[in-house]
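Asker: Listed below, chain by chain, are the residues.
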Amino acid sequence: MPSPPVEQLESIARTLRVHALRAIAAANSGHPGGSLSAAEIVTALYFGGVLQHDPRNPDWPDRDRFILSKGHGVPILYAALGERGYFPVDEIMTLRQVNSRMQGHPVQGMTPGIEASTGSLGQGLSIGIGHAIAGRLDGRHFRTYVVLGDGECQEGQVWEAAMCAGNYELDTLCAIVDWNRFQLDGAVEDIQSLEPMREKFASFKWNVLEVDGHDVQAVLEALNAAKAERGRPTCIIAHTVKGKGVSFMEHNNEFHGKAPTGEQLQVALAQLNGGQEAGVRGGRRDGVRGLREQSPKPSP
Amino acid sequence: MPSPPVEQLESIARTLRVHALRAIAAANSGHPGGSLSAAEIVTALYFGGVLQHDPRNPDWPDRDRFILSKGHGVPILYAALGERGYFPVDEIMTLRQVNSRMQGHPVQGMTPGIEASTGSLGQGLSIGIGHAIAGRLDGRHFRTYVVLGDGECQEGQVWEAAMCAGNYELDTLCAIVDWNRFQLDGAVEDIQSLEPMREKFASFKWNVLEVDGHDVQAVLEALNAAKAERGRPTCIIAHTVKGKGVSFMEHNNEFHGKAPTGEQLQVALAQLNGGQEAGVRGGRRDGVRGLREQSPKPSP
Amino acid sequence: MLSTRYTPRIGRATREAYGDALLELGRKNRDVVAIDADLAKSTFSWTFGKHFPERFFNIGIQEANMVGIASGLASSGKIPFISSFAAFALCKGFDQLRMGAAYPHLNVKVAGSHGGISIGEDGVSQQSVEDVALACALPGFIVCIPADEVSMTAAVHAAAAHRGPVYLRLGRPKAAIVHDAPLDFVFGRAITVRDGDALTIVANGLLVAQALMAAERLADRGISVRVLDMHTVKPIDVDALTRASRETGAFVVAEEHLHHGGLGSVVAATLAQTVPAPIAFVNLGDRYAESGKPDDLLRKYGMTADAIVTAAESVVRQR
Amino acid sequence: MLSTRYTPRIGRATREAYGDALLELGRKNRDVVAIDADLAKSTFSWTFGKHFPERFFNIGIQEANMVGIASGLASSGKIPFISSFAAFALCKGFDQLRMGAAYPHLNVKVAGSHGGISIGEDGVSQQSVEDVALACALPGFIVCIPADEVSMTAAVHAAAAHRGPVYLRLGRPKAAIVHDAPLDFVFGRAITVRDGDALTIVANGLLVAQALMAAERLADRGISVRVLDMHTVKPIDVDALTRASRETGAFVVAEEHLHHGGLGSVVAATLAQTVPAPIAFVNLGDRYAESGKPDDLLRKYGMTADAIVTAAESVVRQR
Ligand SMILES: Cc1ncc(C[n+]2csc(CCOP(=O)(O)OP(=O)(O)O)c2C)c(N)n1
Ligand SMILES: Cc1ncc(C[n+]2csc(CCOP(=O)(O)OP(=O)(O)O)c2C)c(N)n1
Ligand SMILES: [Mg+2]
Ligand SMILES: [Mg+2]
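Residue numbers (our numbering), protein chains in the order written: chain G, 1 to 300; chain W, 1 to 300; chain D, 1 to 319; chain L, 1 to 319.
In isolation and in its complexed conformation, chain G is listed as follows (with noise of 0.2 Å):
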């Protein structure tokens, strides 16, 4: 599947951002800074040709497998499956309410397009080894994407994992980690240093790329780097900045796991739109809807 053009990757990237915030602000809960960070890479994954997969044969066996580690960070993923048509783009907007399919962290079986409940930090890595070892046993040749958050990787079972994917020679198996510096109660470098983590995933026998994970063509590129790679799994770190794309939440932690207020919410979308809130609908409905109809179907 062909990649479109980087403007219409990084106008795509802008629209999650866009549905992300405006679902988290209905909430008035949810993780807007670690959903911004991973816009690209999710942008990247669903929208650049990379993953296989068709969003209304949810359960295709051939399909390539995307787990959220990370899962606080799902309002993006929501954003990513709605405009992919895995369920109606609106209901985004009614995340984390009562009888809402929008759940606060990923749950695999209500969700159309989730492959994986997290939300407990630590187990996807290994729920990623269980789909490829699965795709190996009956000859599949898919692929299984996991993304983990850096504060994440201090949990010992992404270790486990990562020894594990490294001695099975994984090469079906991508880590993208959005190293964005910062856990829940600060920086990661003050609470629990995960540096170096080049050596470290390479000690575990990865290949490991390094990227700047807002730069969507780069993501790109190391993502199909990692398809090429052979006979070990990839570990791509995503440089990536917290609450990217908001003046007020880029480098500061307070949105971690907060939403914005109303008037904060408006501040955003227009640094997100250059100022215009009608450009935001527009330019999602062309970027995405036009996308949408150009790329290739899978054949399930």
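Note that these hints are calculated values from the structure, not bench results. Please read these numbers as outputs of a predicted model, since none were measured by experiment. Cβ atoms here follow ideal geometry from the backbone N, Cα and C, with glycine treated the same way. Keep in mind that the hints are not guaranteed to be accurate.
Here are some chain W residues pointing at chain D (derived, C-beta under 7 Å) [stated by the list, open to error]:
# : residue
1 : Q97
2 : V98
3 : S120
4 : S126
5 : H131
6 : A134
Given chain G's structure and the hints, the job is docking chains W, D and L with the ligands onto it.
Answerer: Structure of chains W, D and L with the ligands alone, referenced to chain G:
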């Protein structure tokens, strides 16, 4: 505390092996392989002048702490503690019997000299961090030693603790990995490889040393080097042979968790003592008793 | 015991009271140390942490390691209070609590915050609905779920005074005040917050206030109800339950927990050994909840005064 | 139902029967895969592993990872059977079972070997005495403790046929045979292994055989005893218990588990909602055991036919 001559330490290690095997054979249950591989490590710590401790005052607040995280190797530790006078050395022969203090795995609060209840693999290093932090808070200068199995290092908690100890720069903490290349079901390399181990620990900010774990002099030197290291914890990878000292147990993982028969025990004892069963006792009494008298008492 | 009509007065969240009490403990005893796993601002251990940075360890997202460290600290004479969300402290640290706190009976105090489904919007992954079952499966642990800020404050001090492992469940939302300070609080002794002779409601946590409201509505219908704040699930107050069984003959047990392994199981097993009686259970059943506003969830999943009234009417009929 | 006098005939350990049944499943269904965490020769998953090396993963000492992998495998259509000692599978994998098996109700089967204290010499760290409490705190899980090789074989096949998560507890020692093959086995339906009308003994695992021996001794003293093999703790057989309560009016519940959260709690909570009755409990209480020979331990910690007889006599007096 000065170290006795190497020959004496070697003889003590042989004595500890004899105790451990006799106890396991009497219980008809236990783990010979991983007890024997750790004999020189335990000897260096308890008889080489490394551990500052007082068997008559096991709770002396300034004592060095020793934690056998691979708790199934406890027979070799009981042997050392018995010879050191924590309890009558003959008590070891009640290993694994009901109402005995010689539990199948170490039990804190029950057996004098045991600092942590282990047996569920993966926990000892975290406990060691707790002691090290307590020492720092109280301005005490004791050191904490933790012996890990190589298979045990597959547990994620070991890497949580490694990360934490590295970041906390706990230079009073020393981990010794009994690198005997086997775990319960087979070779570590076949099941879940830990290589490259040196790089792993180094990338978690540890000072890493490697030694022949059966060269008691080399082990001693590494332990002393660890003492001198400032600003980071030390991991000593002790290359050992599972079942060391008994021909039919070496490189034979059948004896990971199986007791020798009475006949096998006789062969083993003969090998450990150059064919003279009587010599064992003599050697032991001389070697260890002599040492016990000559070592300077720490002042609690 | 409240004699006048109960009008719910909203107090602080029990997690907030926990933080304040911990700070006070820290002032009195320099052996008190606190550890958190990247939830210090949510569990309120940060109240202690910012005053005693040298005795506070925010070790990051490593619950198992946190418990192990506490075990070592306690073995070297410290009094560690460890906190996280209840779901993570117990579900990720269980084996470490078993080997490193319960079995050696060490002086480790565990504060599990965000107990129950009343944490709301975050949803199932963060809602602890099994912590009581797990904590009670740790021999020697005291397991306590205070109802309000008054009893939480007392419980934290009692935990520090007790030599041995203690589990405290903290709640996220502001909690109605059900006790007057100073409170005569002892682990293992239920507090009778209302007397009556036709039925006993046994509750803890947020459901004590709901039980009081239910009791008033039942009184209006002529059913005289006793309400026990059973803050301590282990050890359970056998005397209070036995007496209540003799004197009232029927029970409702209300808690924010799975049916299995919580207060309800303990009450049932206790009464079966003393004076068997019919019990109606108000709890989550054998399922998980979902995201939503706390009140929406409690209503949808049936843990309210309404649910207690319905349960009470059915069990009184059975008696 | 055994009509003649029960003479214990020693069969295979239930873990051994597990391995054989798993192998048979593997032959029938190529979606069956097995994972173990470096205890394959002890859990007998190796019986499967040596025949189907490509479908067997011994992932080393990583219980949490093992459960997560099973979750992914099940999500991609496999039927993973994971095994380890019960103590490690549940205590180290609990959060992963909660999020990765119970909540999404996936087709994950968990075999916890070395349940109870009858594993003997290894001591507390390897003795699982809380697995039933933990497994029952996983909504939607079936929790089953077969008594002998006959029922274990049936249980493994039933687990494979059931779509959803299942926990099976396996025992280490050879187990007395209490059932005749072929056995009519259904999860959630108790098996009446002896009938009587003065008392019901509800038991599972090794204690079913002990219950039968106790029943004969009680019969000799004129007490007619019903014995239910309550292999499934969740879902519990409400009908069998209710009927037993009406017809016999008193119970002994015997299991190799802590008092809290096991079969005893479930029986008590069930009867409290149907026909309340006095119950005497035979279990480990609120403590850990120690190292020793299995029989020495069962005697010392009171989980034998003797203990059941004593409990029965006291509860019959109470009725
Ligand atoms: C096991 C577990 N412990 C604690 C939490 C609470 N929590 C939610 S988000 C978060 C911080 C995560 O930091 P990071 O992984 O860096 O994510 P990001 O910065 O992308 O938001 C924590 C501790 C959790 N969800 N799971
Ligand atoms: C958490 C846990 N899982 C499994 C076991 C069972 N077990 C006992 S010893 C052992 C192998 C340990 O291998 P290693 O650490 O290399 O020890 P050594 O070779 O020195 O005996 C295992 C899996 C255990 N004790 N704890
Ligand atoms: Mg981060
Ligand atoms: Mg080894």
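Asker: Next, verify each hint and record whether it holds.
Answerer: Here is what the structure says about each hint:
At about 19 Å, the closest approach between the beta carbon of Q97/W and any beta carbon in chain D exceeds 7 Å, and the interface hint on this residue is violated. Against a cut-off of 7 Å between C-beta atoms, the interface hint on V98/W is violated, since the closest Cβ of chain D lies about 17 Å away. Proximity of S120/W to chain D holds as hinted, the smallest CB-CB distance being about 5 Å (cut-off 7 Å). Because the smallest distance between the Cβ of S126/W and any Cβ of chain D comes to about 2 Å, under 7 Å, the interface hint for this residue holds.
Given the 7 Å rule on beta carbons, the hint for H131/W holds: about 4 Å separates it from the nearest Cβ of chain D. Taking 7 Å as the C-beta contact cut-off toward chain D, the hint placing A134/W at the interface holds, the least distance being around 3 Å.
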